[in-house]
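Modelling step: build the complete structure from the supplied sequences, incorporating the hints.
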Amino acid sequence: MSRDMTMVRIYLSESDRSKNHNTMKTIFQRLHDQHKVHGVTVFRGIAGFGGRGQVHAADLLRLSVDLPLVIEFFDESETVHSALSWIRDMVPPEHIVFWEVRTLAS
Amino acid sequence: MSRDMTMVRIYLSESDRSKNHNTMKTIFQRLHDQHKVHGVTVFRGIAGFGGRGQVHAADLLRLSVDLPLVIEFFDESETVHSALSWIRDMVPPEHIVFWEVRTLAS
Amino acid sequence: MSRDMTMVRIYLSESDRSKNHNTMKTIFQRLHDQHKVHGVTVFRGIAGFGGRGQVHAADLLRLSVDLPLVIEFFDESETVHSALSWIRDMVPPEHIVFWEVRTLAS
Numbered sequence: 300m301s302r303d304m305t306m307v308r309i310y311l312s313e314s315d316r317s318k319n320h321n322t323m324k325t326i327f328q329r330l331h332d333q334h335k336v337h338g339v340t341v342f343r344g345i346a347g348f349g350g351r352g353q354v355h356a357a358d359l360l361r362l363s364v365d366l367p368l369v370i371e372f373f374d375e376s377e378t379v380h381s382a383l384s385w386i387r388d389m390v391p392p393e394h395i396v397f398w399e400v401r402t403l404a405s
Numbered sequence: 300m301s302r303d304m305t306m307v308r309i310y311l312s313e314s315d316r317s318k319n320h321n322t323m324k325t326i327f328q329r330l331h332d333q334h335k336v337h338g339v340t341v342f343r344g345i346a347g348f349g350g351r352g353q354v355h356a357a358d359l360l361r362l363s364v365d366l367p368l369v370i371e372f373f374d375e376s377e378t379v380h381s382a383l384s385w386i387r388d389m390v391p392p393e394h395i396v397f398w399e400v401r402t403l404a405s
Numbered sequence: 300m301s302r303d304m305t306m307v308r309i310y311l312s313e314s315d316r317s318k319n320h321n322t323m324k325t326i327f328q329r330l331h332d333q334h335k336v337h338g339v340t341v342f343r344g345i346a347g348f349g350g351r352g353q354v355h356a357a358d359l360l361r362l363s364v365d366l367p368l369v370i371e372f373f374d375e376s377e378t379v380h381s382a383l384s385w386i387r388d389m390v391p392p393e394h395i396v397f398w399e400v401r402t403l404a405s
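Chains as they are written, first to last, in this note's numbering: chain X, 300 to 405; chain Z, 300 to 405; chain W, 300 to 405.
Check the hints yourself; a few may be wrong.
Copies of the same chain look alike in the list, so a pair counts if it fits in one copy or across any two.
Below, simulated SDA-like cross-link-like pairs (lysine to any residue); rule was C-alpha separation at most 20 Å, straight line [claimed, not checked]:
| # | residue 1 | residue 2 |
| --- | --- | --- |
| 1 | Lys324 | Val364 |
| 2 | Lys324 | Val354 |
| 3 | Lys335 | Pro391 |
| 4 | Lys324 | Leu383 |
| 5 | Lys335 | Met306 |
| 6 | Lys324 | Leu366 |
| 7 | Lys335 | Val400 |
Since the hints were derived computationally from the structure, they do not count as laboratory data.
This structure is a prediction, so every number in the text was calculated from the model and none was measured.
This is the structure:
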């Protein structure tokens, strides 16, 4: 009645670039086109900081700031780890978190 | 000092309907009124795709699009599975993910 | 190739105050300055309710409402539990959820 899956969350910020391309869009597109994972959702945070301790936050006076983004997806462990093998070249490894979940899919 | 709970995330999009009602609002209302779960939070993503591979994204030129929604809630395993027994009739089962967590509640 | 971490999600609402200070900002600042955790991201939900069953939601006619906030962070178990020891004095304990994850950090 349920199936084991691996959930991933990848922490980026809006300005992240990899070889001149937007990191979020590159990861999103390859998860869609190449890995055909079950689903991907991208969330924008309202404040955050990463490994370097820099604070990213939205406030009323600065409408356009470098906000945190999270890419979330899940699929079978093998598909996930195949995707992480190239994502880890684009994102600091401590920004990639994963854990086991279950879906109701049979 | 801590208590086992089951966390659930349900992946929808803004346009999802079930018997002519907004799926998100229907699930939200029943979790509140009928199951009285500890808490429910609904998040809107900025981009996503689901099982059919359709991309949902917000950009500056199309302000009103069909964005991804996630309903998140947690409670004791029994309460969660009682809720999932009807939610699974409204949402594709591979869009419902759950895992074990702990709260600090005693 | 991977490292165990503890993930935390803390459920607040925008109006939460602790000793006259904004609860979200106080927690965010101390996680940054004192605990130097790997990363913190704050998300705003579009609807939610907590332990008291009050619904918080954004709609087109009420632009300024008391929306749900989630503070998410992860780090080694010891660092997380050191932070939770004072966070639990500011937030109802059933609003603090944690679980084990892994990062790709070596």
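Now for the hints, and whether the structure bears them out:
1. Lys324 to Val364: Answer is both; intra-copy 18 Å and inter-copy 18 Å each pass.
2. Lys324 to Val354: So lysine 324 and valine 354 pass the 20 Å test across copies only (12 Å; inside, 22 Å).
3. Lys335 to Pro391: Between copies, since 17 Å is at most 20 Å while 23 Å is not.
4. Lys324 to Leu383: Within. Shortest intra-copy distance 15 Å satisfies the 20 Å Cα cut-off; inter-copy 33 Å does not.
5. Lys335 to Met306: So lysine 335 and methionine 306 pass the 20 Å test inside one copy only (15 Å; across, 25 Å).
6. Lys324 to Leu366: Answer is both: 15 Å inside a copy and 16 Å across each meet the 20 Å cutoff.
7. Lys335 to Val400: within (19 Å within a copy, 24 Å between copies)
In summary, this structure violates none of the numbered hints.
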